[in-house]
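Enquirer: The listed protein sequences correspond, in order, to chains A and B.
At position 68 of the first sequence the residue is numbered 68 (my numbering), and the sequence of numbers has no breaks.
Here my numbering runs 112 ahead of the position in the second sequence, where the first position is 1.
Please note that the accuracy of each hint is not assured.
Claimed, not checked - Below, a sample of chain B positions facing chain A; criterion: calculated Cβ distance under 7 Å:
1) L120
2) I146
3) F201
4) N212
5) M213
6) F216
7) G217
8) G218
9) G219
Simulated from the structure, these hints should not be mistaken for lab results.
Here a beta-carbon is modelled for each residue, glycine too, at the ideal position from N, C-alpha and C.
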Amino acid sequence: NAGVMQNPRHLVRRRGQEARLRCSPMKGHSHVYWYRQLPEEGLKFMVYLQKENIIDESGMPKERFSAEFPKEGPSILRIQQVVRGDSAAYFCASSPDRGPQHFGDGTRLSIL
Amino acid sequence: GESVGLHLPTLSVQEGDNSIINCAYSNSASDYFIWYKQESGKGPQFIIDIRSNMDKRQGQRVTVLLNKTVKHLSLQIAATQPGDSAVYFCAENIEGDAGNMLTFGGGTRLMVKP
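The following block holds chain A by itself, in its conformation from the complex:
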């Protein structure tokens, strides 16, 4: 029973490029969450999605960041025109309705 799958594990982008991070939830989980983590800090909530719906995006920056969870395929976190401050680890979690959230191993984004 595969866990939450994220890819790529590491992503390097130059300033101004776009970054696309993908997340496949655990089988049977219909709720997806994205979090961001800086070194030596806890995770910070970004967005909560169900299939084809954004439920809560209160933690997402208003510009350059977007997320989707289409009917078919993985959830995507998209960062346009990346800047150095976007460098971080981005984690995806999934849950069955209100159960505990289970996390993937993250994508480490580095901006040159």
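Dock chain B against the given chain A, drawing on the hints supplied.
Expert: Showing chain B alone in chain A's frame:
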């Protein structure tokens, strides 16, 4: 003992001893709490959870205690092993809240000396 490091507080324990990791949560409306373990280069791994209608819950080698009066949560690990070395985070949530987001504490690094 417990010490404050540059960013993360660190708890050093001898292998075989019991560990107690503490967490103060922020929102008195929170009614669901989770402890996660995070190893280097990996995502947070679920350890144990507890709802606010309980004050204690036990798992395999782990116990979570909840004191709602002082908004305090603790994780006890019995007979700590080298494989327990990691950063531990508590997280809180309001289950009835449509947002369903987890709010994470700052984390504690557990170092187990062989």
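Enquirer: So which of those numbered hints doesn't the model satisfy?
Expert: The structure breaks none of the hints.
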